[in-house]
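Sequences listed follow chains A and B, in order. So that you can map any letter, position 18 of the first sequence is 18 in this note's numbering, and since no number is skipped, the others follow by simple counting. So that you can map any letter, position 231 of the second sequence is 231 in this note's numbering, and since no number is skipped, the others follow by simple counting.
These are computed hints drawn from the structure, not numbers from a lab. Being a predicted model, the structure only gives us computed values, none of them experimental. Among the hints, erroneous ones may be present.
Claimed, not checked - Computed cross-link-like contacts, DSS-like style, restricted to lysine-lysine with a CA-CA straight-line distance of at most 30 Å:
{"#": "1", "chain 1": "A", "residue 1": "K187", "chain 2": "A", "residue 2": "K263"}
{"#": "2", "chain 1": "A", "residue 1": "K288", "chain 2": "A", "residue 2": "K315"}
{"#": "3", "chain 1": "A", "residue 1": "K132", "chain 2": "A", "residue 2": "K328"}
{"#": "4", "chain 1": "B", "residue 1": "K36", "chain 2": "A", "residue 2": "K133"}
{"#": "5", "chain 1": "A", "residue 1": "K201", "chain 2": "A", "residue 2": "K263"}
{"#": "6", "chain 1": "B", "residue 1": "K36", "chain 2": "A", "residue 2": "K132"}
{"#": "7", "chain 1": "A", "residue 1": "K187", "chain 2": "A", "residue 2": "K110"}
{"#": "8", "chain 1": "B", "residue 1": "K141", "chain 2": "A", "residue 2": "K65"}
{"#": "9", "chain 1": "A", "residue 1": "K110", "chain 2": "A", "residue 2": "K133"}
{"#": "10", "chain 1": "A", "residue 1": "K110", "chain 2": "B", "residue 2": "K6"}
{"#": "11", "chain 1": "A", "residue 1": "K317", "chain 2": "A", "residue 2": "K288"}
{"#": "12", "chain 1": "A", "residue 1": "K20", "chain 2": "A", "residue 2": "K201"}
{"#": "13", "chain 1": "A", "residue 1": "K187", "chain 2": "A", "residue 2": "K108"}
{"#": "14", "chain 1": "B", "residue 1": "K141", "chain 2": "A", "residue 2": "K72"}
{"#": "15", "chain 1": "A", "residue 1": "K116", "chain 2": "B", "residue 2": "K141"}
{"#": "16", "chain 1": "A", "residue 1": "K72", "chain 2": "A", "residue 2": "K118"}
{"#": "17", "chain 1": "A", "residue 1": "K74", "chain 2": "B", "residue 2": "K36"}
{"#": "18", "chain 1": "A", "residue 1": "K118", "chain 2": "B", "residue 2": "K36"}
{"#": "19", "chain 1": "A", "residue 1": "K116", "chain 2": "A", "residue 2": "K74"}
{"#": "20", "chain 1": "A", "residue 1": "K116", "chain 2": "A", "residue 2": "K132"}
{"#": "21", "chain 1": "A", "residue 1": "K118", "chain 2": "A", "residue 2": "K133"}
{"#": "22", "chain 1": "A", "residue 1": "K20", "chain 2": "B", "residue 2": "K6"}
{"#": "23", "chain 1": "B", "residue 1": "K141", "chain 2": "A", "residue 2": "K108"}
Unchecked claim - Some chain B residues well away from chain A (every beta-carbon gap over 10 Å; in silico):
{"#": "24", "residue": "L9"}
{"#": "25", "residue": "Q18"}
{"#": "26", "residue": "P51"}
{"#": "27", "residue": "R76"}
{"#": "28", "residue": "P106"}
{"#": "29", "residue": "G108"}
{"#": "30", "residue": "M167"}
{"#": "31", "residue": "A234"}
{"#": "32", "residue": "T236"}
Here a beta-carbon is modelled for each residue, glycine too, at the ideal position from N, C-alpha and C.
Chain residues, written in single-letter form:
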Amino acid sequence: MPLIEVQNLCKEYSRRQVLKDINLSVQNGEICVLVGPNGAGKTTLLRILDLLEDPTTGRVLFDGKEIDYFAKDKVTLRRRIAMVFQQTVLFNMNVFDNVAYGLTVRDKNKRSVEEKVKTALELVQLRNFERKKALTLSGGEAQRVALAQALVTEPELLLLDEPTANIDPRNVSIIEEVLSRVNRERKTTMIMATHNMFQAKNVAHRVAMFNEGRIEKIGTFQEVFGALSKSLVDFARLENVFSGFSRITGDGTSLVDVGDGLKIEAAFEEAGNVTVFVSPEDIILSAKPIVSSARNSFEGRIVEITELGNIVKLKIKAGRDFTVQITKRSFVEMNLNLSLKVYLTFKASSVRKI
Amino acid sequence: MGLTVKTALLELLLRAFQLILSMDSEVLNITLLSLKVSGTAVLVGALIGVPIGMVLGLKRFSGKQYLMRFVDLTLRSSINTLMGLPPVVVGLAVYLLLAGSGPLGPLGLLYTPVAMIITQLIMVVPIITGVTMSAVGSVVKAIREKALSLGATDRQAAWTVLSEARMGLLTAIIVAFGAAISEVGGIMITGGNIRWFTRTLTTAIVQEVNLGDFSRAIALGVILLLMAFVINLALTIIQLRGPKR
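Please take these sequences and the hints and turn them into a complete structure.
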């Protein structure tokens, strides 16, 4: 039986339709990932499922029973659900009290609270963080505390709104690992919004592709993104995606000519037209050329700098445009600036075919 | 010449401190009345201003009702304007209300501490409302939703919001108390600066300066500053301290 069933759901704000005729059924223990660009309606759907907003029309069934959005007491149902928000919000308390919040409001006894908080913090790899002030944590740590806050309540349904947006790669992989583990061990049903297709590939059982308030496609990742066209790549706003003609080199790699004089060496053997992707966090940025085993090294200039909390995204023009992600600290230490000459280095194995 | 001025100033300061240390009963009376008037005004002001500020910070009248949006905008700008009300104007308005021929004249409140409290109350309510409104508006929605999402009841969520907004609330009270305790124009008009009855630190300073008794004026000024400092220190300590587990 599905845990969540959304039927013909529409949502309007001041006559603007944000969600249009949404039908979605999520089974017990399933991870359903909602992908799509910003403003596609993913967050609104999650907020409706968390009972923070009401649908304009349509209905939602939780565990076979229709949710009454006008009921006075929504707490009983809400306590079976938890949500991790994109914008990390923590209370001005220490980490322990933050994680314990959901249990404290449920009047759990002190001993079980202590045990559960400890387990939750160990799960998100924040052991010994109990006494730290929550508001002094880094972005990634804070989001892991937010995840622990949700997990400690052992929800049947976990809603995640872009939980890894704007945090560094190490924290992203910890969060993805925790989600997979919790789903595997506790059979927690999860609905997660993301615009990162690779995250969808890593964690989703099923993917629902959102666009302009509608679900355009739903199925396994392969079914939805199997035949990945260029328009889909644009749609998902992926960075560092290059299409070109590939030639097998003979020593286990291929050389992909992506235009503008740029040839990328990839650790696969395939000839013909291919589309490849290099993750921004796999690219090493240096002020001087470096000698390494990495097969790809290009010279370029910084054309755009975007600060995202503890990380900085740089756009580098090296024939084609590359996006590179580094920590704020590296950015400051390397004294980087617009139009500065830099070198990009990445392994052939970091080049993935899509 | 320079030396004479220096010596005179030192002498003034010395006499001022002697006055403070001697615990002069009139000075004590003046100090306590200042505390009573401003403290009461801020306390009552907080009881009125905090809830209004919280509601305005939380809710925004919107949607199709243009009238409601207009009311909302007018209300907010009015509060911001009232935050800078000139005390003398407030004093004058309260005077006209409480004077014998005024609408509240029969109550006989003019030239009493109550009239002074009313004057300062009118001044501090917009300050407390305005500061609370902006402090609460920025965090409250996210905190409330987070609390609800983690299973809090409406009441528990409201309590969490209040606790999280304590920095802003205390800022509102600190700002309001600072404005009230240092105010002179309004209470001079409505209190009348009557010795042993409505004379406060600020009105007494004006009086002593007019009479040329500078050491007494300095002593009162030092007491005023010290009092403001101690109260603000206490409030700041509360503000900075997180809730204990």
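To see whether the hints hold, each was checked on the structure:
no.: 1; hint: K187/A / K263/A; in the structure: 45 Å, violated
no.: 2; hint: K288/A / K315/A; in the structure: 17 Å, holds
no.: 3; hint: K132/A / K328/A; in the structure: 22 Å, holds
no.: 4; hint: K36/B / K133/A; in the structure: 38 Å, violated
no.: 5; hint: K201/A / K263/A; in the structure: 27 Å, holds
no.: 6; hint: K36/B / K132/A; in the structure: 41 Å, violated
no.: 7; hint: K187/A / K110/A; in the structure: 26 Å, holds
no.: 8; hint: K141/B / K65/A; in the structure: 29 Å, holds
no.: 9; hint: K110/A / K133/A; in the structure: 20 Å, holds
no.: 10; hint: K110/A / K6/B; in the structure: 66 Å, violated
no.: 11; hint: K317/A / K288/A; in the structure: 16 Å, holds
no.: 12; hint: K20/A / K201/A; in the structure: 25 Å, holds
no.: 13; hint: K187/A / K108/A; in the structure: 23 Å, holds
no.: 14; hint: K141/B / K72/A; in the structure: 20 Å, holds
no.: 15; hint: K116/A / K141/B; in the structure: 28 Å, holds
no.: 16; hint: K72/A / K118/A; in the structure: 34 Å, violated
no.: 17; hint: K74/A / K36/B; in the structure: 46 Å, violated
no.: 18; hint: K118/A / K36/B; in the structure: 49 Å, violated
no.: 19; hint: K116/A / K74/A; in the structure: 24 Å, holds
no.: 20; hint: K116/A / K132/A; in the structure: 18 Å, holds
no.: 21; hint: K118/A / K133/A; in the structure: 16 Å, holds
no.: 22; hint: K20/A / K6/B; in the structure: 81 Å, violated
no.: 23; hint: K141/B / K108/A; in the structure: 26 Å, holds
no.: 24; hint: L9; in the structure: 47 Å, holds
no.: 25; hint: Q18; in the structure: 46 Å, holds
no.: 26; hint: P51; in the structure: 21 Å, holds
no.: 27; hint: R76; in the structure: 20 Å, holds
no.: 28; hint: P106; in the structure: 48 Å, holds
no.: 29; hint: G108; in the structure: 48 Å, holds
no.: 30; hint: M167; in the structure: 8 Å, violated
no.: 31; hint: A234; in the structure: 20 Å, holds
no.: 32; hint: T236; in the structure: 16 Å, holds
Checked against the numbered hints above, the structure violates hints 1, 4, 6, 10, 16, 17, 18, 22, 30; every other hint is satisfied.
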